[in-house]
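Protein chains: 2
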Amino acid sequence: MLRTSRIDVPLLRKAVRAGPPTLVRRMLGKLGPTELALVLLELPPPEAKAIVTHLCADRPRLTLTIRAIPDELFAGVAAQLGEAVLARALGALDADDAVRVLLLLDEQEQQRVLTLAGDDLGLQLRRLLRYAPESAGRHMNPRFLAVSPQATVGEAIRAVRQAGADVPLFYLYVVEDDGQLVGVTSLGKLVKAADATLVSKIMEPDVIAVAAHADQEEVARVVSQRNLLAVPVVDEGRLLGVVTIDDVIGVLEREATEDMYNMAGLSEGDRVFSPPHRSLLKRLPWNMLNLVTSILAAIVVGLFEHTIAQLVVLATFMPVVAGIGGNTGNQTLTVIIRGITLGELEFSSGLRALLKEVMVGISVGIILGTVVGLVAFVWKGNAMLGLVIGCAIIANLFVAALVGTAIPLTLKRLGLDPALGGSILVTMCTDVFGFLSFLGLATLFMHYLL
Amino acid sequence: MLRTSRIDVPLLRKAVRAGPPTLVRRMLGKLGPTELALVLLELPPPEAKAIVTHLCADRPRLTLTIRAIPDELFAGVAAQLGEAVLARALGALDADDAVRVLLLLDEQEQQRVLTLAGDDLGLQLRRLLRYAPESAGRHMNPRFLAVSPQATVGEAIRAVRQAGADVPLFYLYVVEDDGQLVGVTSLGKLVKAADATLVSKIMEPDVIAVAAHADQEEVARVVSQRNLLAVPVVDEGRLLGVVTIDDVIGVLEREATEDMYNMAGLSEGDRVFSPPHRSLLKRLPWNMLNLVTSILAAIVVGLFEHTIAQLVVLATFMPVVAGIGGNTGNQTLTVIIRGITLGELEFSSGLRALLKEVMVGISVGIILGTVVGLVAFVWKGNAMLGLVIGCAIIANLFVAALVGTAIPLTLKRLGLDPALGGSILVTMCTDVFGFLSFLGLATLFMHYLL
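As you go down the protein sequences, you meet chains V and F in turn. For the first sequence, counting from 1, position 107 maps to 90 in our numbering; every step adds exactly one. For the second sequence, counting from 1, position 156 maps to 139 in our numbering; every step adds exactly one.
The reader is advised that the hints may include incorrect statements.
Identical copies carry no separate label here, and so any pair may be met within one copy or between two of them.
Unchecked claim - Below, a list of computed lysine-lysine pairs in the DSBU-like style, where the Cα atoms sit at most 30 Å apart:
(1) Lys(-3) - Lys32
(2) Lys13 - Lys395
(3) Lys32 - Lys13
(4) Lys184 - Lys172
(5) Lys395 - Lys265
(6) Lys13 - Lys363
(7) Lys13 - Lys(-3)
(8) Lys175 - Lys395
(9) Lys13 - Lys184
(10) Lys172 - Lys13
(11) Lys363 - Lys(-3)
(12) Lys265 - Lys175
(13) Lys13 - Lys175
(14) Lys175 - Lys32
No wet-lab data here; the hints were simulated from the structure.
Using the sequences provided together with the hints, build the complete structure.
What follows is the structure, given as structure tokens:
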């Protein structure tokens, strides 16, 4: 089951059980974070506990290993480790990583681990847990490097030297006695300046900061667009902590997953390795929604059973009208949703985007409508059938462009995720309208079709 | 057209034309990168030129502004600026950003701008251009901070002090005289160590590095999973440059866009703000593919025209069979594609993932098949019709799970992008098999259906 080419797992197990600590550490050092996570998942509890205890001495490696464990599999690892070892691992992680671990436990387990973690750490973590999920406060590291504006560069460098291993050293923040954030400078600038210079002389006074209640997506956007390594989190100007770029990368990846999942009709926590019953429960509500939209399309077709009975070849072309409509609608939907996420709509506007998509949709419609019309004419020898299907396709691709643009923009205006159920809703519209126009036109012109 | 709340654009234009430089810089300082990019796109050439000339003195802001201009709109900005101002801007950017700008110009323009940029810069950029697109070499900054293993910490700190503004200061690399990379240390560790210590004593000798020809996706994966701020690029152990985390965020965002685009049948360079004719040309090949797959589905239905003529209600339920199959197939496809991109398949295996998806697919099939069967029975009063449609849905969702998993895994094994055309291919399979099983079963049991 366990695939790792870099070390021999039975040998590692032997070393963990009886070998000298240096050997174990050297063997662990050869494994990447994913492999270490797999090892923790697969080995029996005593060995998993021993490995985490070794990793507690190597903060970066422990952090990477814990991060590499998918959320959905964490309960398994937690069970292997037991609460005492978990509490010890929390103390060896940055506070934001520790909070993320805690949130994967159930309420009671959380409280017990927090108690085992000791008073100081427990208090600190309980404070962070109070911020809303997906807020800047939840992601921040409450440890940071700060000096007073009256400090000299030499004093600031001494502060850097004394900082613990858990303090991010990307920037040095300049903070008044009352906690107000008044400036920022980088370690690079500090090293380059003369020792006697006042920090206030080299600091950047216009600090880009985010509020503690700001959404994680906004935080990620600020860090990536402003090219920062960390962004300070403030409450009414008071510095509370920093969100660092490694967290931002995680947020950006989660947001991309969310967009793709929402479009396809999937929920968080339904992953490749989730147990089947979990995936089933997460998917069923979406499948039920899709069932209802499909039956809506069936009802529309049902209205025209009499028409189809007169000319069965109409049934043959139904999948073409629906297939082309669904695909072009989803193309538009994807362009708009990705455009919203990447902030590209700044370079266009909702209305301009709508007009453009409608122009493209009608153009694609004219081309595909002509081709399908000709195919129908040549295949079935019925020119009028070709005309009806061609017109239905043009009309349907106009609708596809319209709904593919309007649905995400409307969801966004309503404060919802623009991708929510996108594909299901767009396909519903193109199915319903496609059948309505195709079979409706056929009914109107039945006289010429026969 | 230009929406910015933070400054008055007519006032900015007036300042650019006649105001003092300090006023212009203060006004520009109030704008975010997206707003500055919009300003460059919208203002007449002389004013755009003047603004870029001002920005050349503010490297970070110039970099952010250039990055904020979407690739597809860059030609417009380049035309505003003219080659001389462009060449000057190149000199004020990091080499990797300069290369990215050059690649947005056509061949001839590229050569002219490189000539205008001067011998040193021209040579350096021409060297980077030789690396393959999407390779580590193309993304690297050829400037880095390096010292010999015999240097002391004090000497290393002096090297940091003398480094130019264009040298990334995340890590200090330790390099032998022949260019071999032998170690790495951080600025933080340097500041914390005593001046007389040898750099070789505090350096980390196991350097995580990437080859110059490595794919950008691999580079991004290494930086994000190993929690680095920069990764050294080497050729046979010799240090050539560094890829920094800001580039990695860009790569991760482009890869997410690529996955979503490939799934929906979209090509790069088809964005919200692309002109309609460009989007049309990019989408048509995909639409043509979709046209062919839709006609395949139509051919299958065409085989059963006789059956449908006997029982028109079959046509009514065709959209339900196709709709449910397409949606569940795309759910599976999305889970697998995202799983591949995020490396989650390490926690499962291809076969295990396939078995799981098939189990989920059959379970969803049994539930939805039963519901649709009952709906058909109640609506049309035909129990046998309910049975046939129920069985067809179960069989189709088995196929949906199979192809939703197998298509991306096969594409990956073939060395192609696992998302390529995914949605179109999966929908083709579920349409074709769905109609085949539904209408085929109906033909077999027609005797009982009537």
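Status of the hints after comparison with the structure:
When the C-alpha separation of Lys(-3) and Lys32 is checked against a cutoff of 30 Å, the pair qualifies only within one copy, where the shortest distance is 14 Å, while the shortest distance between copies is 68 Å. For the homomeric pair Lys13 and Lys395, the shortest alpha-carbon distance between copies (27 Å) is at most 30 Å, but the shortest distance inside one copy (46 Å) is not. For a Cα distance limit of 30 Å, the shortest separation of Lys32 from Lys13 inside one copy, 19 Å, qualifies, whereas the shortest one across copies, 53 Å, does not. In this assembly of identical chains, the alpha carbons of Lys184 and Lys172 lie at most 30 Å apart whether taken from the same copy (11 Å) or from different copies (25 Å).
Proximity of Lys395 to Lys265 under the C-alpha cut-off of 30 Å is found in both arrangements, the shortest distances being 24 Å within a copy and 27 Å between copies. In this assembly of identical chains, Lys13 and Lys363 lie within 30 Å of each other by CA distance neither inside one copy nor across copies; the values are 67 Å within and 66 Å between. For the identical chains of this complex, Lys13 and Lys(-3) are intra-copy neighbours only, at 16 Å inside a copy versus 62 Å across copies, given an alpha-carbon limit of 30 Å. For a Cα distance limit of 30 Å, the shortest separation of Lys175 from Lys395 qualifies neither inside one copy, at 46 Å, nor across copies, at 48 Å.
Taking the shortest alpha-carbon separations for Lys13 and Lys184, only the inter-copy value of 21 Å comes in at or below 30 Å, while the best intra-copy value is 46 Å. In this assembly of identical chains, Lys172 and Lys13 lie within 30 Å of each other by CA distance solely across copies; the values are 23 Å between and 36 Å within a copy. Proximity of Lys363 to Lys(-3) under the C-alpha cut-off of 30 Å is found in neither arrangement, the shortest distances being 74 Å within a copy and 68 Å between copies. For the identical chains of this complex, Lys265 and Lys175 are neighbours neither inside a copy (55 Å) nor across copies (50 Å), given an alpha-carbon limit of 30 Å.
In the homo-oligomer, the alpha carbons of Lys13 and Lys175 lie at most 30 Å apart only across protomers (27 Å), although the nearest pairing inside one protomer, at 37 Å, exceeds that limit. For the homomeric pair Lys175 and Lys32, neither the shortest alpha-carbon distance inside one copy (45 Å) nor that between copies (33 Å) is at most 30 Å.
In summary, the numbered hints that this structure violates are 6, 8, 11, 12, 14.
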